[in-house]
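Starting from the known structure of chain L, fit chain Y onto it as the hints suggest.
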Amino acid sequence: AAGVIQSPRHLIKEKRETATLKCYPISRHDTVYWYQQGPGQDPQFLISFYEKMQSDKGSIPDRFSAQQFSDYHSELNMSSLELGDSALYFCASSLVSRRTNYGYTFGSGTRLTVV
Amino acid sequence: KNQVEQSPQSLIILEGKNCTLQCNYTVSPFSNLRWYKQDTGRGPVSLTIMTFSENTKSNGRYTATLDADTKQSSLHITASQLSDSASYICVVSEDRGSTLGRLYFGRGTQLTVWP
Numbered sequence: 001a002a003g004v005i006q007s008p009r010h011l012i013k014e015k016r017e018t019a020t021l022k023c024y025p026i027s028r029h030d031t032v033y034w035y036q037q038g039p040g041q042d043p044q045f046l047i048s049f050y051e052k053m054q055s056d057k058g059s060i061p062d063r064f065s066a067q068q069f070s071d072y073h074s075e076l077n078m079s080s081l082e083l084g085d086s087a088l089y090f091c092a093s094s095l096v097s098r099r100t101n102y103g104y105t106f107g108s109g110t111r112l113t114v115v
Numbered sequence: 001k002n003q004v005e006q007s008p009q010s011l012i013i014l015e016g017k018n019c020t021l022q023c024n025y026t027v028s029p030f031s032n033l034r035w036y037k038q039d040t041g042r043g044p045v046s047l048t049i050m051t052f053s054e055n056t057k058s059n060g061r062y063t064a065t066l067d068a069d070t071k072q073s074s075l076h077i078t079a080s081q082l083s084d085s086a087s088y089i090c091v092v093s094e095d096r097g098s099t100l101g102r103l104y105f106g107r108g109t110q111l112t113v114w115p
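Protein sequences, first through last, are from chains L and Y.
Under my numbering, the residue at position 81 of the first sequence is numbered 81, and the numbers go up by one with no gaps.
Under my numbering, the residue at position 108 of the second sequence is numbered 108, and the numbers go up by one with no gaps.
The hints are simulated quantities; they were obtained by calculation from the structure and are not laboratory data.
Heads up, some of the hints might be wrong.
[Unchecked claim] Not the full set, but computed from the structure, chain L residues with beta-carbon under 7 Å of chain Y:
hint	residue
1	Asp-42
2	Pro-43
3	Phe-45
4	Phe-90
5	Gly-109
[What the hints assert, rightly or not] No more than 20 Å apart at the CA atoms, straight line, and that leaves these computed lysine to any residue pairs for SDA-like:
hint	chain 1	residue 1	chain 2	residue 2
6	Y	Lys-1	L	Ser-59
7	L	Lys-57	L	Gln-67
8	Y	Lys-1	L	Phe-45
9	L	Lys-22	Y	Gly-41
10	L	Lys-52	Y	Arg-96
11	L	Lys-57	Y	Glu-94
12	L	Lys-57	Y	Asp-95
13	L	Lys-57	Y	Lys-1
14	Y	Lys-1	L	Asp-56
15	L	Lys-57	Y	Pro-29
16	Y	Lys-1	L	Gly-58
17	L	Lys-13	Y	Gly-41
18	Y	Lys-57	L	Thr-105
19	L	Lys-52	Y	Arg-102
20	L	Lys-57	Y	Arg-96
21	Y	Lys-1	L	Gln-41
Just so it is clear, CB atoms sit at the ideal spot from N, CA and C, and this is done for glycine as well.
This is chain L alone, in the form it adopts within the complex:
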């Protein structure tokens, strides 16, 4: 079965440019979470969506925005990119109704490099 799909796998952008990362959850999963992991750093929670509504917000900069669409895929939009935004961005999806037995499946991540 297909897992969580993220695109692109790798992305190189210049400072002050804009980037859009996409996450396609597992079929029938209704929740998407975004995490940012800098080099050698712990993953940091950015934002999550449940049934297309924002459900939780973490340390997401104001320059970033995200949404979940009707097909449950999510996009993370990043504007005015800074060198410090270079990181691995990965998303996870889950099915809330089975939260005790199922849950987070992570995508392979998008490696963003800002030059």
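Relative to chain L, chain Y alone:
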């Protein structure tokens, strides 16, 4: 403050040997605990998931234990293989009732298996 601490920070073992990784957490309220294997630059891949009522769970050569009273978990790897070289991350999920709570990540144990 919700925290997840892992030990050791790094570990080198010879191929074929066993090892045990530790995870202590203070996350409350607790929902579940997962062990993930993360290769460099990739998203975490789930090994096991433990809920409050589970003490031991195995997945092939991986065996996880959970003591919810002392808030400790361990991951035991038997007959290690070169491909086991990776970062092993303990991730604890908080319980938020009707929606899945945030994930709290340990800093991981970097395991290196030598031939």
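Structure-based check of all given hints:
| no. | hint | verdict |
| --- | --- | --- |
| 1 | Asp-42 | holds, 5 Å |
| 2 | Pro-43 | holds, 5 Å |
| 3 | Phe-45 | holds, 5 Å |
| 4 | Phe-90 | holds, 4 Å |
| 5 | Gly-109 | holds, 4 Å |
| 6 | Y:Lys-1 with L:Ser-59 | holds, 16 Å |
| 7 | L:Lys-57 with L:Gln-67 | holds, 12 Å |
| 8 | Y:Lys-1 with L:Phe-45 | holds, 15 Å |
| 9 | L:Lys-22 with Y:Gly-41 | holds, 17 Å |
| 10 | L:Lys-52 with Y:Arg-96 | holds, 18 Å |
| 11 | L:Lys-57 with Y:Glu-94 | holds, 15 Å |
| 12 | L:Lys-57 with Y:Asp-95 | holds, 16 Å |
| 13 | L:Lys-57 with Y:Lys-1 | holds, 17 Å |
| 14 | Y:Lys-1 with L:Asp-56 | holds, 18 Å |
| 15 | L:Lys-57 with Y:Pro-29 | holds, 19 Å |
| 16 | Y:Lys-1 with L:Gly-58 | holds, 15 Å |
| 17 | L:Lys-13 with Y:Gly-41 | holds, 18 Å |
| 18 | Y:Lys-57 with L:Thr-105 | holds, 18 Å |
| 19 | L:Lys-52 with Y:Arg-102 | holds, 17 Å |
| 20 | L:Lys-57 with Y:Arg-96 | holds, 14 Å |
| 21 | Y:Lys-1 with L:Gln-41 | holds, 19 Å |
Violated hints: none; the structure is consistent with every hint.
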